Amino acid sequence: MLTVRARKRLPHFTLEVDFAVRDEILVLFGPSGAGKTMTLRMIAGLERPDGGEIRLGERVLYAREPRAWVPPRARRCGFVFQDAALFPHLDVSRNVLYGASDGAAEARERLGGLLGRFRIAHLADRWPSQLSGGEVQRVALARALMADPDVLLLDEPFSSLDAEARLAAQDVVLQAHETWRIPFVFVTHDRAEAERMGDRMLFLREGRQVDGPEVPGRGD
Amino acid sequence: MIDWSPVLLSLRVGLSALVVIFVLGTLAARAMTRRHFPGKDVVDGLLVLPLVLPPVVTGFLLLVLLGRNGPVGRFLEGAFGVRLLFTLHAAVLAAVVVAFPLMYQSAKAAFQSVDTRLEDAARTLGAGEARVFLTVTLPLAWPGLVAGTVLSFARSLGEFGATVMVAGNIPGETTTVPLAIFFLADAGDLRAAGIYALVISALSMAMVVALNVWTRRRRPGWMRR
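Line by line, the protein sequences give chains L and R.
Residue numbers for the first sequence follow the numbering used here, so the first one is 1 and each next one is one higher.
Residue numbers for the second sequence follow the numbering used here, so the first one is 1 and each next one is one higher.
Honestly, the hints are just simulated from the structure, not real lab data.
Quick caveat: nothing in here was measured; it's all calculated off a predicted structure.
Where is the CB? At the ideal position from N, CA and C, for every residue including glycine.
Warning: the hint list may mix true and false statements.
For each label pair, taking beta carbons as the anchor points, the in silico distance ranges come out as [to be verified]:
no.: 1; chain 1: L; residue 1: A192; chain 2: R; residue 2: R34; range: 36 to 44 Å
no.: 2; chain 1: R; residue 1: V72; chain 2: L; residue 2: V70; range: 55 to 63 Å
no.: 3; chain 1: R; residue 1: P171; chain 2: L; residue 2: R94; range: 52 to 60 Å
no.: 4; chain 1: R; residue 1: W142; chain 2: L; residue 2: R59; range: 32 to 40 Å
no.: 5; chain 1: R; residue 1: I170; chain 2: L; residue 2: Q130; range: 55 to 63 Å
no.: 6; chain 1: L; residue 1: Q209; chain 2: R; residue 2: R35; range: 30 to 38 Å
no.: 7; chain 1: R; residue 1: L11; chain 2: L; residue 2: P66; range: 16 to 24 Å
no.: 8; chain 1: L; residue 1: Q130; chain 2: R; residue 2: W142; range: 14 to 22 Å
Build the full structure now, drawing on both the sequences and the hints.
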C-alpha cells in the first residue's frame, strides 16, 4: 500500500495531494501543468515535498515531522519516464540490467524472462536509438521492473505513440500489473487512456484533487 | 644537431599540467553545474578570467603571489622551505592557470548537455550518486571532456607569457620550446628558432590528429550511425 500526503509550493500554485494506492492501478488524470509529474517525482524522491508524509508499506519514505527521508536509490520506486530515458550509451540488455541487484547468473536468467515477456528479446543487442517508440517504452518498463520495485510510477509513458501502438502498449502494462500485483500510479492527460487503464482515477487541476463528477474507471 | 631539452621540458610541463587540469577542470565544472550558491557568477568569472586576461598579466599576478614577499611564496618558503619561482614547477603552475579555463568551459558544456532525466532514471534504479556519475554522467560527457583536454594541452604546450614571468629562461631547467624560440629569435638565430617552431608545430599537429583518430575508433556504437 502506497500512501501519499504531500504539499509542495510551485511557482503558480501549491500542489496538495492526499491518496492511497493498494495493489491496483491508480490513474492521475488532468490537464498539463496540474502537478501530476511532480507528484510522481515526490513519490520517487526526485523532488522534496514541503510537507506531509509518504509511506510505502511499513516504510516511511518521507515525513516532515518527525523528519524522514529515504534517497531515491533506496525507495524501490520504479519509474517509467515520458520519453523513456533509456541510457543511450548502453544496449537494450545492459539498460534492463542496470537496476538488477542480484548476482550475475540470476540476473541474466531474469533478464531473459523479462525480455521474452515484453517481446524485446530480439532487440537485446540494439542501441536505444535503433528502436521504435513502442519498443523503447517496453524496454523502459522491463528496466523498471528488473529492479524489483515495490511500486511502479508511469509518467505519460505513451504520449508519443500513435493510436495503434498506444493500445498495444496499454495492454502490456495491464498484463504486467496482473503479474506483479504492486501499486501502479499511471499519469496521463488523455481521458480514453485514463478510463482504460485505471482501477481508480484521481483528477488533478492546478495542484488540487478535484472531487468532480466521479469518472468511472476500469474497476467500477 | 638541435638541443632537445626544450622539447622534453615542454612535454613534461604539458603532461603534468594536463593531469592537474583534467582533474580540477572536471571537478570544478561538475560542482558549478550541480550546485547553486550566492556569488556563483563571480566564482565562474574568476575561473574563466585567465582566458581573457593577457597571459603576461596572469604571470605578473602569479609572480607577485609566489615571490619572496608574496603571501603564497612566503608561506611555502616558511612552512616547507620550498621556492617555486624560476623552477619547472612554476612553469607547470603557469600552464595550469592559463589553460584551465579551456578545460573548465568544455567540461561545463559537456555536463550541461547530459539530460538530467537519465541521471534521475539511474537513481530510481538504485544507483547512488557515485555510480550515477561514473556510469551515466561521465560516459555521456566524455566527448566534451576529451575536446577540453586536447584544447588545454595544446594551450599548455604553447604557453609563453605567464611562463616567462614566473619560470624565467634557465636553459635545461625552465626553457620550454616557446621560450627557446623567443630568445633564439631575439638573439638573431632564426635558423635554430625556426627548427623549434617546426618541431612544436609537428608535435601539436600529430597530437590533434592522433586524438581525432583515437576518438573516432573508440567511438561507441550508439554514436555511429
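Consistency of the hints with the structure:
1. L:A192 <-> R:R34: 36 to 44 Å: Holds, since L:A192 and R:R34 (Cβ atoms, about 41 Å apart) stay within the stated range.
2. R:V72 <-> L:V70: 55 to 63 Å: violated (45 Å)
3. R:P171 <-> L:R94: 52 to 60 Å: Holds: the Cβ-Cβ distance is about 55 Å, inside 52 to 60 Å.
4. R:W142 <-> L:R59: 32 to 40 Å: Holds: the Cβ-Cβ distance is about 37 Å, inside 32 to 40 Å.
5. R:I170 <-> L:Q130: 55 to 63 Å: For R:I170 and L:Q130 the Cβ distance comes to about 58 Å; the hint holds.
6. L:Q209 <-> R:R35: 30 to 38 Å: holds (35 Å)
7. R:L11 <-> L:P66: 16 to 24 Å: violated (60 Å)
8. L:Q130 <-> R:W142: 14 to 22 Å: With a Cβ separation near 21 Å, L:Q130 and R:W142 satisfy 14 to 22 Å, so the hint holds.
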